[in-house]
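Visitor: Each chain is listed here by its residues.
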Amino acid sequence: MTAPLTPDQLADVVAGVSDPEIEVGLRDLGVLRSVSRADGRVQVHLAPTRLACPAQGEIARRVRSALAEAAPDEDIDIVWERGAWQPTAVTANGRQALRDGGYRVAGSTPRCPYCGGDDVARAGSFGGAVCKVPFDCRGCGSPFDVIGTAGCHALLPYPTDRPGRSG
Amino acid sequence: MPKVPTDDPNIYEVFAQSGQSTGLNHVGSLVSPRPEFAWHLAKETYGRRDDLVNLWVTRRADLIVSEPADRGLLAAKTRMPHRQPGFPTARRRDRSSAPVASADPQADRAVADDPAGHRRPDDEATTARRDLGAARGPELSDLWLALADDLFVLGNRLGAHITDYIDLEEALAVGSIGQEAVAHAGTILLLCGFDQAAVDAWFFDRRHEQWQVSRALERVLDWPSLVAGGLLIAAAVTVLADETLGLEPGAAHLPPIAAIRQEQQVHLEHWRRLAQALTTWPETAAEFGLVHARVTEYGGDLFGAVPQGIASGALPTGPAPVAQLHERLAALIEQDGVPTSRLPASPQQRAVGRGGSALAESLNRGRSVRDGYAAGVFR
Numbered sequence: 001m002t003a004p005l006t007p008d009q010l011a012d013v014v015a016g017v018s019d020p021e022i023e024v025g026l027r028d029l030g031v032l033r034s035v036s037r038a039d040g041r042v043q044v045h046l047a048p049t050r051l052a053c054p055a056q057g058e059i060a061r062r063v064r065s066a067l068a069e070a071a072p073d074e075d076i077d078i079v080w081e082r083g084a085w086q087p088t089a090v091t092a093n094g095r096q097a098l099r100d101g102g103y104r105v106a107g108s109t110p111r112c113p114y115c116g117g118d119d120v121a122r123a124g125s126f127g128g129a130v131c132k133v134p135f136d137c138r139g140c141g142s143p144f145d146v147i148g149t150a151g152c153h154a155l156l157p158y159p160t161d162r163p164g165r166s167g
Numbered sequence: 001m002p003k004v005p006t007d008d009p010n011i012y013e014v015f016a017q018s019g020q021s022t023g024l025n026h027v028g029s030l031v032s033p034r035p036e037f038a039w040h041l042a043k044e045t046y047g048r049r050d051d052l053v054n055l056w057v058t059r060r061a062d063l064i065v066s067e068p069a070d071r072g073l074l075a076a077k078t079r080m081p082h083r084q085p086g087f088p089t090a091r092r093r094d095r096s097s098a099p100v101a102s103a104d105p106q107a108d109r110a111v112a113d114d115p116a117g118h119r120r121p122d123d124e125a126t127t128a129r130r131d132l133g134a135a136r137g138p139e140l141s142d143l144w145l146a147l148a149d150d151l152f153v154l155g156n157r158l159g160a161h162i163t164d165y166i167d168l169e170e171a172l173a174v175g176s177i178g179q180e181a182v183a184h185a186g187t188i189l190l191l192c193g194f195d196q197a198a199v200d201a202w203f204f205d206r207r208h209e210q211w212q213v214s215r216a217l218e219r220v221l222d223w224p225s226l227v228a229g230g231l232l233i234a235a236a237v238t239v240l241a242d243e244t245l246g247l248e249p250g251a252a253h254l255p256p257i258a259a260i261r262q263e264q265q266v267h268l269e270h271w272r273r274l275a276q277a278l279t280t281w282p283e284t285a286a287e288f289g290l291v292h293a294r295v296t297e298y299g300g301d302l303f304g305a306v307p308q309g310i311a312s313g314a315l316p317t318g319p320a321p322v323a324q325l326h327e328r329l330a331a332l333i334e335q336d337g338v339p340t341s342r343l344p345a346s347p348q349q350r351a352v353g354r355g356g357s358a359l360a361e362s363l364n365r366g367r368s369v370r371d372g373y374a375a376g377v378f379r
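Which chain is which? The protein sequence lines are V and W, in order.
Using UniProt numbering, the letters of the first sequence correspond one by one to residues 1 to 167.
Using UniProt numbering, the letters of the second sequence correspond one by one to residues 1 to 379.
Just to be clear, a hint being listed does not mean it is correct.
[To be verified] Selected chain W positions facing chain V (Cβ under 8 Å, derived; list incomplete):
{"#": "1", "residue": "His184"}
{"#": "2", "residue": "Ala259"}
{"#": "3", "residue": "Glu263"}
The hints are simulated quantities; they were obtained by calculation from the structure and are not laboratory data.
Backbone N, C-alpha and C fix where the C-beta goes; we use that ideal spot for every residue, glycine too.
Just chain W, same shape as in the assembly (with noise of 0.2 Å):
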């Protein structure tokens, strides 16, 4: 830490300026038994050869100075060295000696091992509706709703989180994935037959107690849940694709929920990759596995959809297959090098009206954006 450097009053230091171009610089050191004849002594050693324009003379006991382990403190302080000069070319460079990028076995394996749609014996669908007893479960366009709400929700955070990061790819990265969440949760309205507007009062207009947030979603602020929950909400939209894609080969709905399943899929392996390198960094790895724990184990009702009633436009009738969706959840979301996940055995059913501070956050700023422009500018 930068301190007092002696308690020695008789040590001084002098400072001189030789010409009009030059600055006042440090030129010297000198021991005075008094104040008054530090600067004439001054001026005869270290002004004898040439013209001063300015000599100063100070105690050394007077100067708060820096020392070398201050380096860290010295440093210029920049969140975004990507704004810094040379930086695109230093990149360049170290990408260009570490191995190819694209080569990543990972997501390689991860593309190469998915089967094409899980399709669905209908033995296994009639055991799927056996097991859901009551008729009244949710249907496969209640699940889609409910997941649009979370999507919504996981969107609108990591917009709230797009100017914290210091890595310029991790930036891109959380403004596509958020962007997307957001523009699938509007698809799946819109493929639920909402039009524009009605899509708009859905997400801005529903009051709080409709809304049906998965509880994983409730605490989504810091960092470690947005990566937890932004896995699992990836990993659940995957699944009800899958399973969507397997009823109706050929249906009107395939497009869009092949599409959405696309990109979640590349923010799945973009989550997996920051769960295993925040498990495996010591510095995060405790805090994260105890977030994960907290979202994995709430996160059982991702397929626990409150039926609303409402029409399920483009997307298949009748009722979901919860136990199994809920069953290729808790695998697809199990990888080496993070912790095992605490999905309950069973789904759960969702609270409704609830949504935590996650929710009362996206809202807020949602509507207060909205309020701040002029008519017309938001349909």
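Just chain V, with the same shape it has in the complex (with noise of 0.2 Å):
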């Protein structure tokens, strides 16, 4: 009989889970918020990136299923805690992650995650998803994504913004 698994062993569990589209670990994402116990039952904290995000059901089956291996006895519950992210809440990792697979973060300035270059210009208001915003560089002319909140224009310095207001 081994000690139930803490609720830091079972955050560790759950920032192990993968985002379903982008290959990077929903802590490092800022999705995961917290995972407490209350009332016997494990309550993971979960924050999607926009209220339509498609994939909180698929997150939701990952978590349960990477919890149902690490801690099977285990009664889970998942909270959405909507419109608590926020693009600050990824981690160093996250943004190395999302900049391996072609993604900035809003809320500095955006940078082409290819070349490095910071002459990029946004492609227009929505992508093709509802948390990206699509952006152009016009130095190697790659097409990339910023991952954020897109009608935050307050934390989404286009190049031409007045200073002052991003962040």
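Mind assembling these two chains? They're in different frames, but the hints should get you there.
Guide: Structural data, given as structure tokens:
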């Protein structure tokens, strides 16, 4: 008989679950908020990047199956904290993983993930997924996506934006 | 238009094949008084030097040929230019030569000018309550629930239109906006204390007679109506979100409402640009003017929700300042380059159980999809 896993250990299990679309762990992506115990049940708090994130069902399924393997006897609740995700919640590891996948995170000066150039232009308000804003790099010609709230002008400093409003 | 090129029966066209590896080619024409001589004349004229494999001769009067003006008819038809080779390169080149797309002065200005929530002084709040008169006025949550009906119908209608755009950007925008409108409708219900199963039941099992869709959306089946309706709904959600955010700073409902507001503002900007474009183009101006007048005239009921006796959940309680919200909506939808709105001076009550063809279409589609799947796919 082993001792039940602590919330921190359970959180590490959830952190190992990767996003269905991009190869990045949920903690690195800022989606995993916390894991706690309440009334003998494990509560996993997750934040979708957008309210309309279509991957919520798949993320929940992956989290449940990962936890069912690590801690078979636990009852699991998944609590979605809607609107709680911020680009700043993405960890340094997450940023690197996203860059490797051809993405940038909102909130810093957008640079091309391929050539590192900052001569980039927003290609529209809506991308192929609700959490992505399309950009074009004028240096190397690569299109890339910025992950973050599409509408959040305050968090997406565009090249021509006035300084002082970012962050 | 393609036509028969001549009525002279003595003119013949000659097609010859000079080797197995080549095709039958048109090689020339000739004049012959009788058809049986035409083939021999062609052989002498066009097959004198080379061996021929095939020789066909036909009267020019028996042909139907295209004219130079038929270039348009002859062009290959494709609705998807983004699938053509070279499209990404051409687009990148066009984009790079154009002024920076992100320097959208209007979007920036709108955001910059946007007050950080219209925080309502207390004296104004009491005026609003007095204006309402009867204690039976709708609560804030009633307004949100009614707007959730609108968002659901709008999102469904946008989803039905998603394949109709030649422009990839517009298809992405409509897809995102539709998806988010439906997600916002669901989020509103979750805030009102529904669980996911109850949200599904609310949208898919509720009888037609219990819906309160705004009359503005009754006929959002065509594109101009979707633009006018989308603009109006996005503006109404923005106004109501501002009001809700200003009431209880720090409350638990804030992050979802703030996210809804933020996302709807992008939708609002998008519809504004389209409304301006539809008003500017001579081909669409008249139709859009009519539709915009109808939609805004019927939009007077956006804040006229009929209370349904549903607990407000995480949302603030208390009567909603309907008249004020209506005024703010009227101010928000006015803009340059778009016909003046016909929004009535005072809020109207919503009609329950109507919803028109837009609601009927949305419900039929949703239900038929859900019925077609095995039990358990949809909770």
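Visitor: Indicate, hint by hint, whether the structure satisfies it.
Guide: Verification of the hints:
Given the 8 Å rule on beta carbons, the hint for W/His184 holds: about 6 Å separates it from the nearest Cβ of chain V. This hint holds: W/Ala259 has a C-beta 3 Å from the nearest C-beta of chain V, less than the 8 Å allowed. Interface restraint check: W/Glu263 against chain V, minimum CB-CB distance 5 Å, threshold 8 Å, status holds.
The structure meets every hint from the earlier list without exception.
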